[in-house]
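Please put together the full structure from these sequences, using the hints given.
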Amino acid sequence: MDAILFMIFAAIAVICGINLVVQTHPISSALSLVGVMGALAALYLLLGGEFIAAAQLVVYAGAIMVLFVFVIMLLNAGAEKRPEIKPLGKYLGAPLLLVFLGMMAYWVERLMPPSSPVVFGAFQGGTAAEIGRSLFTVYLLPFEVTSVLILIAIIGAIVLARKEVD
Amino acid sequence: MPFGPLPAAVPPSWYLTLSAILFALGVLGFLLRRNIITVFMSIELMLNAVNLSFVTFSYVLKRVDGHIFSFFVMVVAAAEAAVGLAIILTVFKNRQTLEIDEVSTLKN
Numbered sequence: 000m001d002a003i004l005f006m007i008f009a010a011i012a013v014i015c016g017i018n019l020v021v022q023t024h025p026i027s028s029a030l031s032l033v034g035v036m037g038a039l040a041a042l043y044l045l046l047g048g049e050f051i052a053a054a055q056l057v058v059y060a061g062a063i064m065v066l067f068v069f070v071i072m073l074l075n076a077g078a079e080k081r082p083e084i085k086p087l088g089k090y091l092g093a094p095l096l097l098v099f100l101g102m103m104a105y106w107v108e109r110l111m112p113p114s115s116p117v118v119f120g121a122f123q124g125g126t127a128a129e130i131g132r133s134l135f136t137v138y139l140l141p142f143e144v145t146s147v148l149i150l151i152a153i154i155g156a157i158v159l160a161r162k163e164v165d
Numbered sequence: 000m001p002f003g004p005l006p007a008a009v010p011p012s013w014y015l016t017l018s019a020i021l022f023a024l025g026v027l028g029f030l031l032r033r034n035i036i037t038v039f040m041s042i043e044l045m046l047n048a049v050n051l052s053f054v055t056f057s058y059v060l061k062r063v064d065g066h067i068f069s070f071f072v073m074v075v076a077a078a079e080a081a082v083g084l085a086i087i088l089t090v091f092k093n094r095q096t097l098e099i100d101e102v103s104t105l106k107n
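These protein sequences, in sequence, are chains E and G. Numbering (numbering that gives the first Met the number 0) for the first sequence: 0 to 165. Numbering (numbering that gives the first Met the number 0) for the second sequence: 0 to 107.
Hints may be right or wrong, so weigh each one.
What the hints assert, rightly or not - Straight-line distance between alpha carbons at most 27 angstroms, and here's what the computed DSS-like set of lysine-lysine pairs gives:
hint: 1; chain 1: E; residue 1: 162; chain 2: G; residue 2: 92
hint: 2; chain 1: E; residue 1: 80; chain 2: G; residue 2: 106
hint: 3; chain 1: G; residue 1: 92; chain 2: G; residue 2: 106
hint: 4; chain 1: G; residue 1: 61; chain 2: E; residue 2: 80
If you're looking for bench data, these hints aren't it; they were derived computationally from the structure.
This is the structure in structure tokens:
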């Protein structure tokens, strides 16, 4: 059952990822990215990351992608022109990419120590309680620094996007 | 990767392989696409792929730290998206274009 679920969501993620790259219109790419993020949220759930799965859906698929779609609509972005690809890249690109991915998969498989397969429910440490405890004890300083980062981002976005008033 | 009947549960390396595939797709989109918004979305795809690696290693090591890192990546991605899209808005206001090849003031 776990393997079937992994296969389904991995297939959705890969297909949506390929769609993101090949679509010419930005709005199609944005919707594909939402598909990738939804599939990844399901995979996080399989790996025992309840909180991260929820945050993935709320922060990524919700907030960030709404921002993207909003900007695409605002700028009325149309389909892009296809860049002409040199024949070398056209005929060698895809096979080389496949070889690269195959080698990468082989080495990941080789180098990973033999570990037990991923079973849903085997890791219970990803609850909001556990993450909160870790976040406010061990990772308290990074957490506080992050709030400063967010503040800087808010001010930067306002300064960059405001209308110039003379 | 062994072929044959599908096992009941997949090893963690399959998750890492999926993460590598998504990262490669992100790199591909970053290099091939000409629309500045799509390039930006490819970066988000790469960040997501790395997050999957973090959560997988968190599962393998049975520690929560990977989730925390993944959470920080999300926060930084949100900040980056806000600033990046503001920059895109400004570029569009000044240039009336979203093609990255036409925004080349810093070239040469």
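Is the straight-line distance between the alpha-carbon of residue 80 (chain E) and that of residue 106 (chain G) 27 angstroms or less? holds, 22 angstroms
Distance restraint between residue 92 (chain G) and residue 106 (chain G), which requires alpha-carbon spacing of 27 angstroms or less: holds, 20 angstroms
Would you mind confirming whether the straight-line C-alpha gap from residue 61 (chain G) to residue 80 (chain E) stays at or under 27 angstroms? violated, 47 angstroms
Measure nothing beyond the straight line between the CA atoms of residue 162 (chain E) and residue 92 (chain G); if it is 27 angstroms or shorter, mark the hint as holding. Holds, at roughly 10 angstroms.
Violated hint: 4 only; the structure is consistent with all others.
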